[in-house]
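Starting from the two chains in their separate frames, assemble the complex, guided by the hints.
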Amino acid sequence: MTMRLGIEGCLERPQFRLDLSLELDLTKPLGVLGSTGAGKTTLLRAIAGLEPDFEGRITFGSERWSEGTRFDLTPTHRRGVGMVFQDSRLLPGKTVAENLTFARRRARAVASSVSEAEVIRELDLDHLMTQMTESLSGGEQQRVALARALLLRPKLLLMDEPLSANDLAHRRHITDCLARWQTADQTPLIYVSHAAHELAQLTAQLLTLESGTVKELGETARLLPHAHAGDQARSHRAVVVGSDPGQSSLTLQWQEAAPLAAEDFRLGDEVLVRPGAAENLGFGASLPPQAEQDENETK
Amino acid sequence: MSGDLQAVALTALLAGVTTLLLIPIASPLAWWLSRSRSSMRSMIEAVVALPLVLPPTVLGFYLLVLLNPESTLGGMWVRLTGSSLTFSFSGLVLASMIYSLPFMVQPLHAAFRAVPRSTLEVAATMNASPWDRWLNVVLPMTLRGYITGAVLTFAHTVGEFGVVLMMGGNIPGETRVVSIAIYEHVETLNYDAAQTLALALLCFSFLSLWAVYRFAGHRFEVLRG
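Which chain is which? The protein sequence lines are A and B, in order. Note that this note's numbering numbers the first sequence so that position 201 is 201, with each residue one more than the last. Note that this note's numbering numbers the second sequence so that position 62 is 361, with each residue one more than the last.
Please note: incorrect hints may appear among the correct ones.
Said to hold, decoys possible - Have a look at the derived ranges for each label pair, beta carbon to beta carbon:
1) A:Ala109 - B:Leu434: 16 to 24 Å
2) A:Pro75 - B:Thr371: 37 to 45 Å
3) B:Ser341 - A:Glu23: 44 to 52 Å
4) B:Ile324 - A:Asp87: 31 to 39 Å
Don't read these hints as lab results, they were simulated from the structure. Beta carbons: idealized from backbone N, C-alpha and C, even for Gly.
One chain only, chain B, in its complex shape (with noise of 0.2 Å):
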């Protein structure tokens, strides 16, 4: 396999492994930000929503200090695993679930905010228990937030680069994905490579844009506002 297509392959994996991970995570936040009256959600909700306005580079700095093999966290992962979670592809994974964390929990909360509690009681006077409601209720009236939450942190972590480049580096088959890819091809003054590799992603960030649009309409609200 070329060193393009081996980067257009582990892009692929980094976004699948990302997303399907997080689907679990987010949906129980994204419901008790939707549901809970504590003090502490305003709180909550601003540091899922942070990577929105830090600049890659920044949470991929804070995050090889925090994983790096010489930290307490890190150390623990190396000790667990035997591998680092800096430079490697698990560090790459947990990085863009962090980076990419506000993609999937904001159009989760925004469809959870939109089932009514009403509703949620009627289905328990039909002796609906929680996870009953829960699988036959809400994740019906949801599943467009969370087919829009798939496609935006699918192609979310297809693009990143700064967090990539802080916590991965560029080690071929193993953290060098696309945008680095790229950005190695400009360093190198091979603009037809740089050129293909961009054009693609260009194309593929338009078209899940669009089909977002297209499938979530006016439910989808963190680019709308």
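Chain A extracted, bound-state conformation (with noise of 0.2 Å):
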């Protein structure tokens, strides 16, 4: 199977860059980590076609997708990618059925270990099928996005965050299934994440970005403790306030005067928290009181 993505291009928006030269070998998956900003999504969506600001060369193995101010070489269409969007995008008026059956209906034909039914028992589909997707949580349509993606039986798997709206105990399930379908099918997977053990888990190569550009780009195992060291150096102090284990979630309250304002999270944002000297570990968090108030003023 054709493993190798060529980028080289960028694009220009207002206050944003995006500037890439890139050969990558996808034959391992590939894990894309950078701070708000820094081009993640963007560049998830330059190669999947939809970014027709993009200039420059993309191709995929032996096909060219993209030339010079042809983003349209090869459109999204015929590229063969599967997405998984940070925020689902289910076809709104649907059932999930009818979501799944949609991909089904287009996908690859080509042989893969990973049955239907298996992955929609993993993904802990099946009391959801008949449900219209307007009614599901977040994390149920992410899972569906996610289910929907794997039908396609994709050339190419493009995953931006796409567990960040389930808790931890469906993050590390589905972790775990991932991984061993990627071993078993060995689909080119570019996985964006924050969540260190998705990262560590799922991928063996990282690439991070910074403003645009690329940072760092090596193995997963020797980037990524460095990757957060960074981040634990911007970090802020807060005490744990409040916990409602049976959600998995906790009330911070900052020690610091305002390091960050409330309005620069959003309800379902992650954060790192580092209890002592333990190993890192992602949770979803609950926001302060006062900081959600101001989140819901804001809406």
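Below, the structure is given as structure tokens:
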């Protein structure tokens, strides 16, 4: 199977510029890490052919997807990529089953060792099949979007924080499944996430982006601790002032004078919590009560 | 068939043909209006909406000037088909399509605008071609807009008078629609016949609008502003 992805070009927007020159060997799954606004999502969108402003070359194996200003040399629907968007983007007015059917009918005719039944079972979707997508929680929507992308049997799988709205138990189980399926099918994977344990388990190489340019590219095992050490240097002190073990949620109170404003967060955003010298853990975290109130007022 | 029944049948035929022809014409126009960032868009929107504010007699007058057999366009039509566009059923259909265009375009425009770009993007990443996306994503999402547009266009065409009178006159079986028949009955002091037809039109118009409001709810923007 073709595994080399070449990207060389740039995309300019007001106050943002993505400028990349990369030759990626996707024999091993690639993780992408970077702070908000580093260009992770834009990179995936450019690869998928969804960025008309991208100027440059994108090749996948022997296929030329973009060239110069022709971002649609190979339009999105002919690239054979499966993409899981951060905000799920399920087809409205359809049930979960209809969303999955839409993908299955347009899937590539290739053999897969992962059956549809297994995907539905492992992603805990059996009981949701007849529900309308609008009635699903954020986590459920993400799992449907994930199943849909997997059922397409894509040539290249692009995932943009596909589990961020799920609880810890689901995240850990799905990460296990994705790792198993990836090993079985060898589908090239580019996985964007802030969750260290997902990147560590799912990817073998890591690309870190900063302000739209490549900061580092190397083995995940080598780069990941270093990348998060950088995060730690920029971290701010907070204490836990409330907890709800049943919901895996914590209420945090800043210990410094407003290091970050409440509007810097959205409910469901992920923060890293490091209790003492223990291993890094990714948790869904609640904002302090005042921050939650501010957040609601901004909606 | 009595004269009034003939007028009712002709009106239904005119409204049906106008509606059917406007669907494929208004669809790409409304789609373009909902997606384009062209500087021409607002001007095209204004042109499409013109029949909403223009007195029907003004529109009818210009159509008569443009399409009469002595004009360039009207002359071409005569050479092509052997018949005139003025004072004929085909001319009435053309005039009705222009007159009712905003009633089809505006509900479709509103419906298409409600289809998020992100939904089309995700469909593209599921290997759906542009036509596939339109047929299996856009169309199901905008079905209400189509029904609203079709009902309004049909009802509006049934009720038109000024344009019909200017373009078609009053030829039984050819251009004499219900509104013209009512006018003629009043002119000849036949109030009973006028009353029957007027009441039928009133009931039909009310039921059409009721159906639209009931079915389309808040999606219907033409009359709610």
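Cross-check of the supplied hints:
{"no.": "1", "hint": "A:Ala109 - B:Leu434: 16 to 24 Å", "result": "holds (21 Å)"}
{"no.": "2", "hint": "A:Pro75 - B:Thr371: 37 to 45 Å", "result": "holds (42 Å)"}
{"no.": "3", "hint": "B:Ser341 - A:Glu23: 44 to 52 Å", "result": "holds (46 Å)"}
{"no.": "4", "hint": "B:Ile324 - A:Asp87: 31 to 39 Å", "result": "holds (36 Å)"}
Going through the hint list in order, the structure satisfies each hint without exception.
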